[in-house]
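Number of protein chains: 4
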Amino acid sequence: MSTQNARQLSAGMVGGGIGADIGKTHRFGMRLDDRYSLDAGVFGRDREQSAGVAASLGVAPGRAYDTYQQMAEAEAAREDGIDVAIVATPNDSHFEGAKAFLERGINVVCEKPLTQDSATSRALVDLAAANDAILAVPHCYSAYPMVREAARMVSDGRLGRLTFIDVEHASGWAAAPLELTGHKQASWRTDPDVAGFPSVVGDLGTHGYHLSRYITGLEAERVSAQLHTFVPGRKVFDNATVALEYSDEVPGRLWASMAATGHNHGLRIRVFGDEGSLEWQHEDPHHLTYQDLEGTTTTYTHGLASLSEDSARLTRVGLGHPEGFLEAFGNFYRDLADELEARRDARPSTVRELSFPTGIDGLIGVQFVEAVAASHAADGAWIVPASVVDRDAEVAAADAELREAGGS
Amino acid sequence: MSTQNARQLSAGMVGGGIGADIGKTHRFGMRLDDRYSLDAGVFGRDREQSAGVAASLGVAPGRAYDTYQQMAEAEAAREDGIDVAIVATPNDSHFEGAKAFLERGINVVCEKPLTQDSATSRALVDLAAANDAILAVPHCYSAYPMVREAARMVSDGRLGRLTFIDVEHASGWAAAPLELTGHKQASWRTDPDVAGFPSVVGDLGTHGYHLSRYITGLEAERVSAQLHTFVPGRKVFDNATVALEYSDEVPGRLWASMAATGHNHGLRIRVFGDEGSLEWQHEDPHHLTYQDLEGTTTTYTHGLASLSEDSARLTRVGLGHPEGFLEAFGNFYRDLADELEARRDARPSTVRELSFPTGIDGLIGVQFVEAVAASHAADGAWIVPASVVDRDAEVAAADAELREAGGS
Amino acid sequence: MSTQNARQLSAGMVGGGIGADIGKTHRFGMRLDDRYSLDAGVFGRDREQSAGVAASLGVAPGRAYDTYQQMAEAEAAREDGIDVAIVATPNDSHFEGAKAFLERGINVVCEKPLTQDSATSRALVDLAAANDAILAVPHCYSAYPMVREAARMVSDGRLGRLTFIDVEHASGWAAAPLELTGHKQASWRTDPDVAGFPSVVGDLGTHGYHLSRYITGLEAERVSAQLHTFVPGRKVFDNATVALEYSDEVPGRLWASMAATGHNHGLRIRVFGDEGSLEWQHEDPHHLTYQDLEGTTTTYTHGLASLSEDSARLTRVGLGHPEGFLEAFGNFYRDLADELEARRDARPSTVRELSFPTGIDGLIGVQFVEAVAASHAADGAWIVPASVVDRDAEVAAADAELREAGGS
Amino acid sequence: MSTQNARQLSAGMVGGGIGADIGKTHRFGMRLDDRYSLDAGVFGRDREQSAGVAASLGVAPGRAYDTYQQMAEAEAAREDGIDVAIVATPNDSHFEGAKAFLERGINVVCEKPLTQDSATSRALVDLAAANDAILAVPHCYSAYPMVREAARMVSDGRLGRLTFIDVEHASGWAAAPLELTGHKQASWRTDPDVAGFPSVVGDLGTHGYHLSRYITGLEAERVSAQLHTFVPGRKVFDNATVALEYSDEVPGRLWASMAATGHNHGLRIRVFGDEGSLEWQHEDPHHLTYQDLEGTTTTYTHGLASLSEDSARLTRVGLGHPEGFLEAFGNFYRDLADELEARRDARPSTVRELSFPTGIDGLIGVQFVEAVAASHAADGAWIVPASVVDRDAEVAAADAELREAGGS
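Chains as they are written, first to last, in the numbering used here: chain A, 1 to 408; chain B, 1001 to 1408; chain C, 2001 to 2408; chain D, 3001 to 3408.
FYI, nobody ran anything at the bench for these hints, they're computed from the structure.
There's no promise every hint is true.
Unchecked claim - Pairs of lysine to aspartate or glutamate residues, derived as EDC-like cross-links and limited to a Cα-Cα distance of at most 20 Å, are as follows:
#1 D:K3235 with A:D335
#2 D:K3235 with A:D126
#3 B:K1184 with B:D1092
#4 B:K1235 with C:E2249
#5 B:K1024 with A:D335
#6 A:K184 with D:E3294
#7 D:K3235 with D:D3080
#8 C:K2235 with B:D1274
#9 A:K24 with B:D1033
#10 C:K2235 with C:D2191
#11 A:K184 with A:D46
Claimed, not checked - Sample of chain A residues lacking proximity to chain D, with all beta carbon distances greater than 10 Å (derived):
#12 P192
#13 E221
#14 A243
#15 R253
#16 G295
#17 D379
#18 R391
#19 R403
For glycine and all other residues, C-beta sits at the position ideal for the given N, C-alpha and C.
With the rest of the complex left out, here is chain A (with noise of 0.2 Å):
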């Protein structure tokens, strides 16, 4: 819905063409708020097919760009360019599609996983640093009011001492070989020049990764895995198991799938600890429940008056009416925005304790995947993710620091 309204955030989007589902969920969670203007883009490889989406979106044509390169420089020259640049392309151009921007101090919202090695995620990172640039991922299951009431009840000690998590996203969207069928998201997604071998870890099992992360404030310490490919003749990996051992010692278990037969979206988390536990499922994602030690089951629902101003600024609705996937994102995209013009704006950051994931988020899911993989190549062999040790290392460099320092 168009307005004069000065103040919207300007944003352009790379891919989200012809029949990328992705982008246009973006799009969508964009619009909620009304808080953002999409003023660019490159909407796909086909030229003609690009600029056909973008005169339907409303996009200038002089601002209806060729290569994502062209859009950065382009963009980085006007007065009025661009806020914050979308990348919602497959995996395989992540990295110098957001690079193009970042390095010329634009924001940037890059789809997961972040590039396809963390060496080239770890860049990024580091380019949004150097030039003072946001890097956001869009996680956006973390999005959620109930998964932001998950990680409060977590917080506020209603679990008591965690035990055990158990997170799954296991989909059966490609149960059947899709990508046989000249199935667009089947067939980048299976190619693992694109997608990577461990394709499923990737793409599915970092959302599950960081939403174990998201709601306990934990991390993987090691990993042990086993990858396997369900459809005959696929050339990546489809499904994998992994046993984590988290930090505080706390076990825990990852299963991704999009093989899994039947089931429609399969996100699903479980966290225990010593007083109580939780439940969280994406395909009912407006309840949460929490089980007492004696075994009583409470639901809550978003909106109740009782729930944490975390969830309760995340609700549209009034109680009992659904929410869904577009308000998720929308979520992300709003506070997203109430930062982007923090800092346009030159007011204080407005990023709280349970924000919108970045860079960070996305080097360490990469980081996770290369450990899997790692794993199963070692038939199962436990594997320290690289987060772990960049952690230790520093650490250890800053320990050694402060002795070389002291002296002693």
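Position chains B, C and D against the provided structure of chain A, taking the given hints into account.
Showing chains B, C and D alone in chain A's frame:
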């Protein structure tokens, strides 16, 4: 999200200011597909507050009006005046508000219950027809993909001959005397001058009744009703039970409540036939269940490849991703936009079998409320709704005319 | 399982032969706690078949009778004659069957509806009283632990002041014309001479109505009803909708159906108060849900440590292990055994607040059926059940007596 | 319920005294179909208590023994000695208890885990074979009608080629340190001398593993496992996660827990194939859900006319009436009775494809526990269960023999 799309429809809103949830819901729904530009409005009775809302919504100061009369007059006079006015005020100003626009040929979306009595509702319907304007009524539950699927199931005969209809919209939102606490919604909805004595029937009962008509294609031929006030001291009825006889001699029940303690939302319908039955619930809107004669239950999710085109075209996300109330409003506004654009561009009508509810639906809703109230006043005696009386009278008149013409 | 336990109660059965599910259900329930010995019976009208069933059940040939009259006479004459007779025949022989035992002072369990009219039901109640015999009626849904818990919740005030009762027993078992296929159950239940015209009300409606009385402690003061025949050509009514006014001016609804296509069983109750509401469904009997005024839902499972003694003592398994219909019957027979033994051993009565239903409940059920039928015959006019008329008459008589005595 | 049926099977019980839930469960199950007479027993180690229980159960004083050795000897010597002994003691006396009866040719039902190590389990299996006695192990979840239906679905090919198995038996019953409070069950189940260190794997893991074998017909070829102790200070492991590779290269997962806070029972299985998937949960045992490749869900209820004979014959109630744990035990005892009677009466075996679990299943369960423990001890290294080693050795030996015989 702003676009320079010249083809966007121009919209104005009456009501929907501070504290008015339904106005926000309309705006969220309008934004989803980016086919409307909100260009004018009166956002409440407080002039300053209204101007503030207008500014925050990007409405130009010159088109933020003090009254809907001013707005109707001014917008009708502009060459680029609004295509459609949304009337989202409390019930007692629906009639005057809608009338102001319709009589100037401006299309109207008017909240339900359409007006406070069937005479004024009838007048609006006639006014719309006389001025060739659309009068749409947002019974948006009928815009859910799985409600459309349900209607399709019935018309395709999967239930066989219909035998029973059971619908309820029983919410617990006002099970406590909120009107004593200054709660805005509760205050006007329990004020008989604004909401009418059978308040809950107009507010929630009309939704339930419309849903049953929409899915089955049947209408109530007579009703027997009881109205109750569960909250002591409340000035309106907050609960209603109704026995219905639908056309084709199909019996049914309707329960409307704003005081069903603990219920979050409470809209639910079950339709039975001699070959199968279906159930749909608003709190889990992306599923539709079907039970066959033997007792096997099948659950369909929106987005399944095998569903009808009627539901498929209304789904914006992939299989298993939930959608909710705002998407249903979005669907209403999308269907409406199709028709508004067709009229603007002098193309053939887009209205199809299963489309958005109009003034006729609003009128039938008000006639239902009146019949329910009349039955209650007569201790549950059977009452024939005026919609049926009118229809029968028309048929009789046509018959008479025919006989006269035929000389027989 | 056989025991030499001299203290076992001796039982006999009338009905429950080949093809009679309910007889088997009684026997399963009786066996669970091993407190009954089945020592006599008439298992159907076919002499040979009956003898075969008796033999297979370990009933001595000399106590396998041809008629219940013979059985009543012979058992009454034995020193070790049966303690209790179970009458599990079709409706039209309940009265004569139960009468034969009661008038000889033998306790009786008689299936519902107790008899075909309230006069004969009243006669049985009087006969039981006159002969100091127990007349129990197996409305066994009231013997589920979580139904007891529900009743306790209400009497403990957790729902506050009751506002609404909604009960349904809407099954789809006879949604097809099974009576045309020789189906035994369907044949007699659709024969008006055996099951009565309001067949479904006697068969299922009385269960629903009893359940509502049991949980809330309230009775219907008046009813307005519609009866329907969904299956063309069927000779009895197979569907009923009833509006009720319970005592304390609590409104309610009841729906009974044997033709609710697709429903497997369909007994479900919701009770609302001004502080909370509860729901119980027979198809998930080990759970009870409670919703508070805010809208939070709590689910209790049978076996939870915090439940009341009323439900705890009826659970035979550990937390989370489901129990079902046979255990409910077992509970009925256990409570009954407590009382039968107490009487036999001349100990104080064990009957407690929440106990097994008796002839009074059976009578009230038949009076309910009659009131529903009368209302239907009067096109839904309000009818006061005879139970209320009788009660009011008793009160009036008592008043009159008092006034007379007092001379005032 | 006592009968004079001379054909009843005579049973004796070891264990199952005061406070022992499982003994009661066996007795409830045995009583349902009235095919067993409980004639002998040792109901606990306390002589007086045992005698009291015996008396209350109607066991003649002369057959209430002090020890199972006495019982085995005496019963073997009687002409009317017991047909079957139920061993329902804590784990550490399973072996000696079962052995005493088997070596005298008395059939045995022995609780799981069969014994404390696979050598003794193997010995029992051999002993049963040598003495032509039945050794049955009550993995009674496999006796639910809908579990049988699930197994039938798989063997009928409705899932296509199997791709994944996910099973969990994750209960929260011991999420608190109940053993510190004198809780009887918790005390011995957390005593490594009685329950073994991998206690939860033997107690609940073997149920889950058996269920997966029963439904799919597959066995684990190797396992990788982690054991955890969630409750600080507890002397055994109370949680286990296992990755499995079943035969036919089907991967799977198993989770066993007695400390999954808030879970009531927690047994649940999902099986995936390339054409469909199924799910069954013990907390809702009368339903089985099937999901097809497209994502449509079908829910079957026990008692539906279209189900297989395997499940139909195990249902005692009408459609929609729930059954539970006791009926599952009843089904186990009914299948067992069929076979015991066939042997007694020298009729052909009644054992069918889907029948009661035996000592082989018990042995495989113990071998599974050992493999899990070994993997945990090796930090999750893959371990081949002895069942597979043994089988491969047998195949190799047979091959060698064949080659030798053939001279090639």
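Right, here's what the structure says about each hint:
1. D:K3235 with A:D335: violated, 48 Å
2. D:K3235 with A:D126: At roughly 48 Å apart (the allowed maximum being 20 Å), D126 of chain A and K3235 of chain D break the hint.
3. B:K1184 with B:D1092: The hint holds at about 15 Å.
4. B:K1235 with C:E2249: Distance of about 18 Å is within 20 Å: holds.
5. B:K1024 with A:D335: holds, 19 Å
6. A:K184 with D:E3294: holds, 17 Å
7. D:K3235 with D:D3080: Since the Cα atoms of K3235 of chain D and D3080 of chain D sit roughly 45 Å apart, the hinted pair is violated (cutoff 20 Å).
8. C:K2235 with B:D1274: Status holds; Cα separation ~17 Å.
9. A:K24 with B:D1033: Holds, because 10 Å separates the two Cα atoms, which is no more than 20 Å.
10. C:K2235 with C:D2191: Distance ~7 Å between K2235 of chain C and D2191 of chain C Cα, so the pair holds.
11. A:K184 with A:D46: Holds - the C-alpha atoms of D46 of chain A and K184 of chain A are around 15 Å apart, at most 20 Å.
12. P192: Consistent with the label, P192 of chain A stays out of reach of chain D, its closest Cβ about 20 Å off (over 10 Å).
13. E221: holds, 13 Å
14. A243: Its Cβ does come within 10 Å of chain D, the nearest being 6 Å, so this is violated.
15. R253: violated, 6 Å
16. G295: violated, 5 Å
17. D379: It is violated; D379 of chain A is separated from chain D by about 7 Å at its closest Cβ, not greater than 10 Å.
18. R391: Non-interface label stands for R391 of chain A: nearest chain D Cβ at 22 Å, farther than 10 Å.
19. R403: holds, 33 Å
Checked against the numbered hints above, the structure breaks hints 1, 2, 7, 14, 15, 16, 17 and satisfies the rest.
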